[in-house]
Amino acid sequence: MNEATNEPLSAAPVSTSVPVLECRDLSISYFTRAGEIPAVVDFNLKVHAGEAVGIVGESGCGKSTVALAIMQYMGKNGRIMAGELKFMGRDMRAMGEAELQGLRGSKIAMVYQEPMASLNPAMRIKDQLMEVPLHHEKVGEKEAFERALAMLADVKLPDPRRIMEAFPHQISGGQQQRVVIAMALLSNPALLLLDEPTTALDVTVEAGIVDLIREIASRFNTGMIYISHNLGLIRETCDRITVMYSGEAVEDGTVGEVFNAMRHPYTQGLFRSIPLPGADKNARPLIPIRGQLPLPHQRPHGCNFGPRCDHFKPACDAGPIPMRQVPSQPDHRSRCIRFEQIDWNAPPAHADTGEPIPLGPRVLEVDGLKKYYEIANRSLLAMIRGTAVKTVKANEKLDFDAHEAETVAIVGESGCGKSTFAKVLMGLETATEGRAVLGNRDIAATPVQSRKPQVVGHLQMVFQNPFDTLNPSHTVGSQIARVIRKFDVEQDREKVKDRVMQLLDMVKLPRDFYLRRPRQLSGGQKQRVGIARAFAGNPRVVVADEPVSALDVSVQAAVTQLLMEIQRTNRTTLLFISHDLSLVRYLADKVIVMYLGHLVEQGTTDEVFAPPYHPYTEALLSAVPVADTSVEKRRIVLEGDIPSAVNPPPGCPFQTRCQRKIGRICETEYPPLRTFGEGHRILCHIAPEELEAMPPVFTTAEERAAE
Amino acid sequence: MATTFDARPAAPPLLDRLSAPKAVLILVALMWVPLTLYVMAGRNLGVLQPYILLPAIPATLILYVLAVRAWRESWTAVIGATLVFFWLLMAVSAPYLPLLDPNKPIAPFVLPFSHGKVGDTFFWLGTDFKGRDMLSRTVWGCQRVIVWGVTATVVAYVVGTLFGLIAGYLSGWWDELITFFGNVLLSFPVMVLFIVVLNYLGPSGFNIVIAVTFASAPAIMRIVRGLTLDIKSRDYVFAAQTRGERPFYIMIFELLPNVRGPIIVDACLRLGYTTVAITTLTFLGLGLQPPDPDWGLMIKEAAKTAMLFRFSYMLIIPALSVSTLILGFNLMADGLREISLRD
Amino acid sequence: MAILILRRLVQMALIIVVASFLLFLIFDTDAFKKKTAIAELGGFGVSSLSEADYQKWLDEKGLNVPFYQRYGKWLGDVATGDLGRSYEKSTAVGPLLLDRLKNTGILAFWVFALMIPLSLVTGVLAGMREGSAQDRTLSFIAVFTTSIPEIATAILLTVIFALGLGWLPAKSAMIGGFNWRQLVLPVLTLVIYDFGYVARMTRASMAEVMTSQYIRTAVLKGLPFRHVIVKHALRNALIAPFTIIVLQLNWLLSGVVVVEVFFEYDGFGKLLLEAALFGDIYVVQACTLVAVVIAVLSQIISDVGYTILNPRIRFA
Amino acid sequence: GKSLVPAALAQEGAKKGGTLRVAMQVQKMDDPATYSWIQMSNQTRHVAEYLTLTDAENITHPLLAESWEPNDDLTEWTFKLRQGVKWHNGDDFVADHVKWNVERWLDPALGSSNAGLSTFSAMVEDSDDTKKMIDGAVEVVDPHTIVFKLSKPVLSVPEDLYNYPTMILHPSFKPPFSDNPVGTGAYTLAELQVGQVCKLKRATQTTDGKPFTYWGDEPYLDEIHYYHFDADNQLTAFASGDVDTIYEFSIEQLPLAEALPGQVLEVRTAQTLCCRMQVDKPPFDDLRVRQAIVKACDNAAMPALVFQGRGDIGENHHVAPVHPEYYQLPKLERDVEGAKKLLEEAGKAGLEVTIDIGNTDGPWHQAVAEIMRDQLKDAGIRLNINVMPASKYWEIWTQTPFGGTAWTHRPLGTQVLSLAYRTGGAWNESHYDNPKFNEALDKAEAEVDVEKRRELMQPVEKILQDDAVMVQPIWRPVFTIINDTVQDYVAHPTEVHQFNKVWLSA
Ligand SMILES: Nc1ncnc2c1ncn2[C@@H]1O[C@H](COP(=O)(O)OP(=O)(O)OP(=O)(O)O)[C@@H](O)[C@H]1O
Ligand SMILES: Nc1ncnc2c1ncn2[C@@H]1O[C@H](COP(=O)(O)OP(=O)(O)OP(=O)(O)O)[C@@H](O)[C@H]1O
Ligand SMILES: [Mg+2]
Ligand SMILES: [Mg+2]
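Chains as they are written, first to last, in the working numbering: chain A, 19 to 725; chain B, 13 to 355; chain C, 538 to 853; chain D, 40 to 545.
Worth double-checking, as some hints may not be accurate.
Claimed, not checked - List of simulated lysine to any residue pairs, SDA-like, C-alpha gap at most 25 Å:
hint, chain 1, residue 1, chain 2, residue 2
1, B, K244, A, T448
2, A, K331, A, H319
3, D, K431, B, G54
Just so you know, the hints here were simulated from the structure itself, not pulled from any lab data.
As the structure is a prediction and not an experimental result, all values here were calculated from the model.
Start from the sequences, fold in the hints, and give me the full structure.
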């Protein structure tokens, strides 16, 4: 346990005063045509003034339901079935609609996941903001305006006057989220609920918002509930944490207690399935939690986590499991009847650590690859002016190579051209310039239809969205079989079927999935089928475009692990596209950092994650929330938004946001590609010595101790 | 955990088996093919004619049971299906019901629920101005509307979907061209288009099919094009492209099955519109031709002979009949949408 | 915006040229001309229509000229505002059409004047609380009314109000000048049929808006329900119905045909049908022209209105 | 000819004034000589007038002609014209005007259907492939006497002169008539909107503003308004009180009409449906086949089924009981057995034939065909009915082997016979060609005296009936309706309007 890991948060005040919010044995159900869905059962929570409480859990475990229940806004079909809900000591369930209206938005405010969706598209920001004081405090227009303006400045929005007049769609996602937060803070609420406030944002933007939230907590003395599925974020923002699983709180306590001395197998499973900085795929592989989250109406008897638990004993499913206090930690409780018996420091039982595998010959060589999109502006005016065609420079001069059995990760913020590169490689788009040599064929300019089946088969792809990756109208088997036949691996009916079965085995799916339709599969299972399909043609290179970013952490681990395993055994080259740097660090051999279509840094994983950094890489790294309390991180918050690819800035592409900008040169000249060591290259004007002198972003406790 | 989720009684296995897509398809064919042949080929069927509709009756009944079972979640859909299947059943069983000859003049202007002046025939719904039995004409009258309405809608969908897929998937010039012609057709008000086309081709069932296709296909094309534009950016389409599938394969096997869902709801609505259109056209003298009974014709004929409160049953009966059929289609569409939104 | 409108107008011109060309092509077929000749010579004349008579008729009507020449001339004439002459009525098409359009305009005005408030209010009330009894009732009324074809509505209204109760005239020929009582049934018929459609669309739009997150935000801001509806929901919910209502103008041109024919109301729809049945090509051409112009104009209006109403596009 | 001055008797209590509103199709009024619809002539009838007038009893009276006299062999007709008749433009009406009109009708370039009438076709000769008026065929003796010299005997000259396109126009006439409506009638055209309204006003002034007096008795009505309604909707317009009378309603509407307040007027006519067979086309070239078909049909059953018991039973010889010269032959008997036997003899048992039906005069055509189908079935003949749009039927009416053609009313029985059944007749749709028939018809046509002519009609009718050229099952009645204010309205079998004596009670 290390209290001093981060910037010190106000220590959890164990106060005797009335908590801002107290939920006691709260049970919430939804009523659907399938019957009652008990979404949340026996939920307890206390929030004190100035305290930030985090709620984590996988998708569907009831986090949002809790938040909405606190707002007393359950929709048509939701109902609080039992329990108490006290706001400042007063029972909210007994309040009338009028009283609730008085509380909502004034004493209790909420921020949601999708900032764009939660702002009214047809109203100016100022109107939406001013409503709050106008309604709750009955102030005049002018004062409301002033207060809104001041609050916008408080949430660090540039040019608040302009933003006041703007419509939501005219400002960026990060700004929108700040507006929503400003709206929530306008009436100085006693309790602020944040439901995944940053999930829809890029990491660099997320970092800014997280900073803001931390600041608010300390400045306004607001009680906060922060909902997230990201343990790292909770660690960075909260004092206390409640871990939810399948509608129940399974563990709660202070962040330090839970992160360092968890007392529930599920919490442990969560931690083991996320890559922590410093973790290595060979030494500390991710350990997925087996099985799946049960649906609310199909929960097992006794411990909900029982079927997935490594420590399961028959007693676990005997009856309902109560929350119990962890001895000697008055604030730490767990819903495990065996937490005293379990050895919490034992190494994971079946962590199959592996040897690093040697790389093979070069398989793919990308050389000066450019992809420009031309977007036609079809307005008459543009045609007359001759500006009918605008160019989107999605990829600018990519250079790298990949070897057999190597994992090359491509990282960068949204819109930096990662998917475009994948498309060019796959032949869905043709390169504007440059070469991409697979084996000994240049495929950069050959569309997929003109490629030979073998070539096509050698280059396959795993897609991001598990819900989209399979055609909902065909069975799993037929979709894999089609690939096998198409790539001419097998033609004979029986043999094709055999091969499909082998592939299902390979991705650890039961063989009877052959006849299933995608809608009968969970997200993780679909992604496995996607992997099976990608490997059906014995590919030499597999491009995985954010293959796990839409999955829950526990499933993420399983799918990532699986992908790695298959790649290793097949000695396939993997191009892993991601924005999740922890994951990249965990699994990649080589990392390519992209910004606005430019390759700004490349090198082996160790090289990229240690100084010298490209300033962008540095910022990206620092933005990654880390769930390891022993790791300390330098905070760098980037200003501004990512520029448009249609209108890139002159000189260095990163100059508009660079925290280490050195002067005019950055704005006028394209930076040189500096090489450090063998393959480590950085696109920057800053002198190599200076770059090398950068301190690392992460420091672990040992490293700090060593200093 | 006690839930009501699995508390449903186990369904009889037979019905389950019949609900399989293949079985439903066979049942639909059993119902539809004879009916279509009966209406379109008519006398040319020769000796087959009296028997051909026999298999359609049980098929229709089974389909009804299946529909009610599948849609029991939505009352709206069940009511809609009940109305539609009632008329379908009437259509397939008309020849076997104890009805008077719908074309035979017996005694004109007999009011409903009364005997004519001559003979002792009791007329449930009275007779029309020519003395033909209204009940029998009403029952027989649904055959042509249903058959031509459905055929026209189906043809319009085939054409519209095809062009929509091409425009949406291939984009570029194909899209420009198809969309432009779609716009040309769409900018004719439907009725203008109907009038022009039918006036040119002459009034007949087949020409109604053509006219409806001209009028509906562009709208369907737009819908399918929109859906295609959405679906074509799905990963599974990329997956198909990355394995080098031909555009045709992608359109038919990857896109088509997935535009099906939203289209079925739209099709129910459009069936309603087509039924309205056929009735209206027939009323205007551009649609189906006498003498065989048809609701639009019954309205047309009665509109000039029954403008008296006493005789208004001649107008009201076909008007209500066609309204119930359309209401059925609309409720079905609403219900299906409701069901699809819930999933 | 101006560019958008300009582009749409250019497109409209193109569509009109293509559409009228197709019509000319159709009307140029021999079968069609013959039909027109028979229709015009009609009565007893027809039984003696010999080939020579027919040729003479063609000459008289100038139909022997190759059709592209006629088409070119027609285009030129239209550009100068001359829409040709009606065969059947042997008058200039322009004034005739104008007169009929005026009548249909009166009809349309009242239809819209009644239908818009009725359907919007119904739609909003229904969509406001989706799934409530209020919603179910109003929705059912809306589906029900759209399910009755206009012809059936016309019949039922006539039977009840004209034949049964005798409150209103059964026909609307307006003999002896304009008479508002004769306008009631046609207007009601169109309103009843159209109201349901627009109400349904409004309801769907309202229901969708009501489930959107920003409404949730507004409610959770502690605003009173009324304020949420009026300030937050309506504006967004009415964008879609607006475009639909404008596009109803196009629909109305179809809808009036049967209503005008049934009620004997001398409007655009009746003119079109009669001309088409007669083969009165220049009248049909002119009607189509008007219809297409109205259709495209209504599209433009709806596009522009959509842009103005929807700040997301206006300020994009 | 008979001479009865019309409107001679003033009705008792008749009142002047008022507007008669009539529902009818309002059509254009281009050139009266080429009119093809009765409706057009009705709009014109009270503006421009005819030389003669045939009344509802099929009796022809003097109008612009005061009297007429044929020579013995009916080849020369002398017409005395009425004196003191003024045109609307102030001119006097003289014989030259009539000559001008006749010459115009006979000009092939005009294409008037008048040229096909017996009277006028007897004034033309063929020269070098073109028809040309014979020199001197019309001779103006003095300003009020005109002589028609015919190349063959014609009986129906006075009747032909009341054929609807034979209005006498002023020589200054230029089409369209509606632009310059100069006639001799009691009314002038006040307004015409085709498809909407046609208004006639009593003529009180000449076109140049001088007072105008109608030559005959002053009519009662101030104005006559025709409002456009389709055939189907005229009765409903009447029902809703929009009009005082209508052009006509169809049999289907009879119960409705009877239920309405007002008086239904029914006229017996010689309008009919001829289901005629082309005698030169198989299988109808076999007399036995035709006879079998005719025998199997039961004309007597038709009126009840088609016209609710109204109308006259047809006798398959196209002379109607309303015709003055109608000779009553023995009643036709249905003979199914005989039909079967004939078919067998002809080797045509199980005969299947198709009849084309265009419903050119309304859906009752089809009803007739359907009844025929049922009747023929008894004799083992299968009748298919090919229903087609009216216009389509008019395209094929002369070609189809078996078709139901509508024939309009003509005042004399011989008129149609000579048009349609005489060898080479202009409209000989059945291709009937029987010299004996021609001869008998010639004889009948040469007789002016109706009683004598009736005797001569016996062989004509008999031959035609025996040759089984057609099933002509029924003489159609026509119906119209007037409300209680309309007085002295006489419905006419050809539906022409003669409103000079009509008046309106308050
Ligand atoms: N309106 C609703 N009707 C029925 N069931 C619902 C409804 N809303 C949520 N649920 C169910 O309740 C359970 C909890 O949902 P909730 O949205 O609270 O989860 P969550 O933890 O917020 O998930 P996520 O991380 O995906 O947002 C889920 O199983 C969900 O399917
Ligand atoms: N077909 C296209 N036409 C024009 N511009 C395009 C096209 N596809 C992508 N772009 C543009 O190219 C740039 C790179 O897009 P790309 O999809 O490759 O980004 P990405 O890095 O994959 O982002 P994300 O993380 O959001 O998936 C973006 O600015 C995008 O708008
Ligand atoms: Mg949630
Ligand atoms: Mg991407």
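(message) Given the hinted pair B/K244 and A/T448, is their Cα-Cα distance within 25 Å?
(response) Holds, at about 18 Å.
(message) Just to be careful, I want the Cα atoms of A/K331 and A/H319 compared with a cutoff of 25 Å; is the pair within it?
(response) holds (13 Å)
(request) Starting from D/K431, check that the Cα of B/G54 is at most 25 Å away, please. (result) Holds, because 23 Å separates the two Cα atoms, which is no more than 25 Å.
In terms of the numbered hints stated before, the structure departs from none.
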